[in-house]
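Following the hints, position chain B against chain A.
These protein sequence lines are chains A and B, in that order.
FYI, this note's numbering numbers position 314 of the first sequence as 314, with every residue one higher than the one before it.
FYI, this note's numbering numbers position 337 of the second sequence as 337, with every residue one higher than the one before it.
Just so you know, these hints were derived from the structure itself, not from any lab.
Careful: at least some of the hints might be erroneous.
[Stated by the list, open to error] Using 20 angstroms as the maximum straight-line C-alpha spacing, the simulated EDC-like pairs for lysine to aspartate or glutamate come out as follows:
id	chain 1	residue 1	chain 2	residue 2
1	A	K212	B	D129
2	A	K80	A	E142
3	B	K146	A	E293
4	B	K303	B	D2
5	B	K124	B	D217
6	A	K175	A	D251
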Amino acid sequence: MKQKLFNDTTLFLTFAAAILLMPIWLAPLGASYPDLLQKFAIYGIFAIGYNILFGLTGYLSFGHAAFLGVGSYAAVWSFKLFTMNAIPAVLFGVFFAGVLALIIGYLSLRRSGIYFSILTLAFAQMSYNLAYSVLTPITNGETGLQLTLQDPRMIDAMFIEVGEGLPITNLFGIKMSGYSGFYFCAVLLIICFYISLRIFRSPFGLMLRGIKSNQNRMNYTGLNTRPYMLAAFVISGMFAGLAGSLLAVTDPLAGAERMQWTASGEVVLMTILGGVGTLIGPILGAGLIKYFENIFSSFNNNILHDFFSFLPDTLENIVVQVTGLFVGGGWHLTLGLLFVIVVVYLPGGIVEGFQRLARLLSRKKQPDKTSSSLKNQSAE
Amino acid sequence: MDSILIQLLNGLDKGAAYALIALGLTLVFGTLGIVNFAHGAIFMLGAFCAVTFRKLLTLSEKVQDPTVTLFAAYKEVPYLKIWFGDTGLMIIDYAVPLSILFSIPIMILVGYVMERGLIRHFYKRPHADQILVTFGLAIVIQELIKAAFGANPIPQPPPDIVSGSANVGLWLGLGEALVYPWWRLMYLVFSAVMIFGVFSFLKYTTYGMVVRAGMWDRETVGLLGINIERRFTIVFALAAVVAGVAGVMYTPILPPDYHMGMDFLVLSFVVVVVGGMGSLGGAVAAGFLLGIVQSFASMNEIKDIFPGIDQIIIYLVAVVILLTRPRGLMGRAGVMED
Chain A
1 MKQKLFNDTT LFLTFAAAIL LMPIWLAPLG ASYPDLLQKF AIYGIFAIGY
51 NILFGLTGYL SFGHAAFLGV GSYAAVWSFK LFTMNAIPAV LFGVFFAGVL
101 ALIIGYLSLR RSGIYFSILT LAFAQMSYNL AYSVLTPITN GETGLQLTLQ
151 DPRMIDAMFI EVGEGLPITN LFGIKMSGYS GFYFCAVLLI ICFYISLRIF
201 RSPFGLMLRG IKSNQNRMNY TGLNTRPYML AAFVISGMFA GLAGSLLAVT
251 DPLAGAERMQ WTASGEVVLM TILGGVGTLI GPILGAGLIK YFENIFSSFN
301 NNILHDFFSF LPDTLENIVV QVTGLFVGGG WHLTLGLLFV IVVVYLPGGI
351 VEGFQRLARL LSRKKQPDKT SSSLKNQSAE
Chain B
1 MDSILIQLLN GLDKGAAYAL IALGLTLVFG TLGIVNFAHG AIFMLGAFCA
51 VTFRKLLTLS EKVQDPTVTL FAAYKEVPYL KIWFGDTGLM IIDYAVPLSI
101 LFSIPIMILV GYVMERGLIR HFYKRPHADQ ILVTFGLAIV IQELIKAAFG
151 ANPIPQPPPD IVSGSANVGL WLGLGEALVY PWWRLMYLVF SAVMIFGVFS
201 FLKYTTYGMV VRAGMWDRET VGLLGINIER RFTIVFALAA VVAGVAGVMY
251 TPILPPDYHM GMDFLVLSFV VVVVGGMGSL GGAVAAGFLL GIVQSFASMN
301 EIKDIFPGID QIIIYLVAVV ILLTRPRGLM GRAGVMED
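So here's chain A without its partners, still in its complex pose:
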């Protein structure tokens, strides 16, 4: 048994502090600009939600992007029709994603294994294709849904004078872009983390884990697992909807490409990379992938030449050629390789990596027990 140095409260508080202080401790990594921080928080929420389904019940859904997309559309419609305030937008996003998740979940959960994966994939692809074609009046097709000057904005029109230009999303007057936007997302991320913590520790969470390890046995005890599964599916769909609406809050436009199956694949990658079924893992994975996406893809050959300029010329060119494959436009290659390596050698993701490292350290430094168990705990 691991020594419990941290209880859940401390874990939660540490997490909250780490998230809120991200602009400071990410600065040396070149990742403390608001756009990226917002993405960290938003995709963190997406991954936490996905983990409630996949991590706890083991059901591999390939359709979560649909909920992300619906959340975005609902939020933008709320901006267009009612008010630029972020709160109703988020509520609408969560609500509509929840309803869609209820429908898709009710149908898909009748099957398990790969049949479930394909059913969710089929539903998500249907939503994607419909958003592109028939639903154009609602989704604005390929252009994507945007704010316009002609939008009614009924609630805003009652209270606020119409200004020049497009209004900006706000939270009772605070602009939802830049750092304030990040803090809004961060607070929601912390709330989501708390919810997920409570779910992990609750009898409900235990039930879901029971389904993962042996659903038949759960059924034999006379328990109907379907409602629990459906609850988990809807909760995770609502998290995705929240993430989608936050994407719209920080940048008020919604496009169908958010619903494509590659977006569903991305959240699977995040969860796996971080560590399936762990509390912190999905957030780490989301952060890492978004970090790579932004930092690696901005590298180009000139930066590489600067970086390797200490090498002799011919060698420099070769090194730049080779590394150039992995950064810039080719960062997906890095992602793919990283992913294969993680699945082959570290099935538990980064979190398992930390745990192994911690175990290694604690073996070497027996007396210094506090620091290693601290690592163990924070990695859980």
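For chain B alone, coordinates are given in the frame of chain A:
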């Protein structure tokens, strides 16, 4: 009537592509128990074998153009023309069919390396892990191809002799209006031959019999002293060849680009699951079924009644079939349900 027949041909054509990829997928699943998300990437590799082969054939030398006398003009002349004259040009013209021969050894190698190098370690891991690792592998292959060939589609013309359209209407006595591209007809015939070949290999050869026995009960076959793993490796290579050759033949229809594999993969998975995991007949039947249903749904008459139906029909059919027939059309009980 004409438009119905055209849609039927279109559907068969599309269905043939789905069926060929799905056949390999389900073969690998039935034998090795692996859910291979990299199968679409193999299809794409096959298509790029054709691209590479054409590039090799058209390696050119700069020759001074004697017709231009004002200044020194150069033109590129393929070595094949310099060496063999018109025969060389004919070889270049037939690049696509010839690259089938070129692609077979390459696909065998790709399949062998993939199975021995990576997938072998995943037999005992959960299906989710297999999906993930092959998904990662597919990304890697896709990005390597993108780095090597660029992101734009590279058109591959079919040989001149079959570049036009066949007058299908005349053959059937339906008038001149009904024409269909020759190459698509060739593709259809070719697919039928491939599918027939795979089935007869499994059904009528001793080797195939052992493989089928292994699909049913791997352990017992192993106890009989047969090295079933080795045979399954070869089955994996065979599946790679089927997908790769299908990719080669598909290049004149769809200019290959690096993400064509992913585009086909999702649909092929739907096809495999609709047909029933691990069922070869099911995969072929579902492939043709979905292909035909899709092309009929894209007819204007039907789109007028149900707008947008052509976009979702495949998935709709898949959902309905999976909800009414839990194991797909011809699936066996207990497969992939854990």
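Practice problem: Kindly indicate which numbered hints from before are broken by the structure, ordering the numbers from low to high. | Solution: As far as the earlier hints go, not one is violated by this structure.
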